[in-house]
Amino acid sequence: MKNAVLAKRYAKALFAVGKEEDALDEYATALGEFAAMVADNPELADALANPMYPLDAREGVMREIVKATGVSAIMGNFLNLLVEKRRADILGDVAEMFQSLVDDENNTCQGVVISATELSADLQAKVQETLEKITGKRVTVTTKVDESIIGGMIAKVGDLVMDGSIKTQLEDLKESIKGSE
Amino acid sequence: MRRDVDWSTLRRSALAVAVVVGVAATLYVAGDAFAADAAHGDGHGGLGLTPEKLKDLGWRAMNFAALVIILVKFLKKPIVDGLRGRRQSIREEFDDLESQRSSAEGEYQQYASRLSGLDDELKKMVETAIAQGELEKERIITEANEAAEQIKRQAEMAVANAVAEAKVNLKLEVAEQASAMAEEIIKKNLQPEDQSALVEGYLAKVGGAA
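One line per chain: the protein sequences are U and F, in this order.
According to my numbering, the first sequence holds residues 1 to 181 in order.
According to my numbering, the second sequence holds residues 182 to 391 in order.
A hint or two may mislead.
To give a feel for the contact side, a few chain F residues facing chain U, derived at Cβ under 7 Å [said to hold, decoys possible]:
| id | residue |
| --- | --- |
| 1 | PHE255 |
| 2 | ASN326 |
| 3 | ALA329 |
| 4 | LYS352 |
| 5 | LEU353 |
| 6 | ILE366 |
| 7 | ILE367 |
| 8 | VAL387 |
If the Cβ cut is set under 7 Å, some of the chain U residues that face chain F in the computed set are [said to hold, decoys possible]:
| id | residue |
| --- | --- |
| 9 | LEU123 |
| 10 | GLN124 |
| 11 | GLY151 |
Quick caveat, the hints were computed from the structure, so don't treat them as lab data.
Since the structure is predicted, the reported quantities are computational estimates derived from the model, not experimental observations.
We treat Cβ as the ideally placed atom computed from N, Cα and C, and that holds for glycine.
Chain U extracted, bound-state conformation (with noise of 0.2 Å):
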């Protein structure tokens, strides 16, 4: 809850500056990147996060990868921001914030589709389509593949979740069986 808020606070922030600077899908690009890669390296995580290296170093360390990534000014002011005020537990929350934020600001939000096969152009255009009518808004859909789930899919749009999966009509089967007399 508290990591809610400061990862709010920040988010905040950047998306005064992202929106001042006309820059808002750049910067929600390269901060879910980054926030991916650091969440990728848990040794990395550590480098940035962990308090027993001296704050110095860890600025160190942080200056070197905003020089070799390669991101804007500002977006690297940000990040050894967040590294100097001790926050960069917190940089994955702040990603996911900063991004809510600019789906806001477009009236856009991010699914996820989840299938047991990989679908094709055709059906993630008509999933799209129906997570846009549902939810009302422009969404942009990322697919995975999960073979756990059998058949159908998972859609998860925000904090609504559609499951038309085989895999969950088997245990609606199952449970039904166990409840009937």
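Dock chain F against chain U, hints included.
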């Protein structure tokens, strides 16, 4: 046991003893004098009872009589008292023994009567014991029946619970097996076009609802 003292007989006996002693003393003195005379042979003849001897005898007799009188005068009361006390104690002892005897006789009668009634008492005790035993037997049988009923009810409940639990377990097992079999069949028969159809069907369902 009881013996009364006859004082007149005692008195007579004492007097006779005194006479006999007096006569014996007289004869002794006379014999003594006669022997002395014979030894001297002074020829006076007779018994030789001189007036001095007679006087001496008289004095001796008086002496003895005085002794007897004194003895009777001073010893009579203590002896009589002593004998009376003895008689009294003997009488009391006798009375005590009498009372003990009567008490013992009473107890004897009591025990005899109790012994005579012992058979009836014993019979009553046996009958009472039998009756109590019958009651105890009834109580034990009743309690045993109740315990048996309780055990039976508990066993029936345990069986019912076991059956219910087995049904639940069986249902769970059936559900698991059915789900597993369904999953296996679906996986085996699901084709790529079926996957598309499933997604499209679901989209139609939720899109239609929206």
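Status of each hint after checking the structure:
Taken as an interface hint, PHE255 (chain F) does not check out: its beta carbon lies about 134 Å from the nearest beta carbon of chain U, beyond 7 Å. This hint is violated: ASN326 (chain F) has a C-beta 38 Å from the nearest C-beta of chain U, more than the 7 Å allowed. Here the hint on ALA329 (chain F) is broken, as its CB sits about 34 Å from the closest CB of chain U, past 7 Å. At about 6 Å, the closest approach between the beta carbon of LYS352 (chain F) and any beta carbon in chain U falls short of 7 Å, and the interface hint on this residue holds.
Interface restraint check: LEU353 (chain F) against chain U, minimum CB-CB distance 6 Å, threshold 7 Å, status holds. The beta carbon of ILE366 (chain F) is not positioned within 7 Å of any beta carbon in chain U (closest approach about 11 Å), and the interface hint is therefore violated. At about 6 Å, the closest approach between the beta carbon of ILE367 (chain F) and any beta carbon in chain U falls short of 7 Å, and the interface hint on this residue holds. Evaluation of the VAL387 (chain F) hint against chain U yields a held restraint, the C-beta minimum of about 6 Å falling below 7 Å.
Using the Cβ-Cβ criterion of 7 Å, the hint placing LEU123 (chain U) at the interface with chain F is satisfied: the shortest such distance is roughly 6 Å. Below 7 Å, beta-carbon pairs count as interface contacts, and GLN124 (chain U) has none with chain F, the closest being about 10 Å; its hint is therefore violated. Interface hint at GLY151 (chain U): satisfied, since its Cβ lies 5 Å from the closest Cβ of chain F, which is below the 7 Å cut-off.
In the structure shown, a violation is registered for the earlier hints numbered 1, 2, 3, 6, 10, in ascending order.
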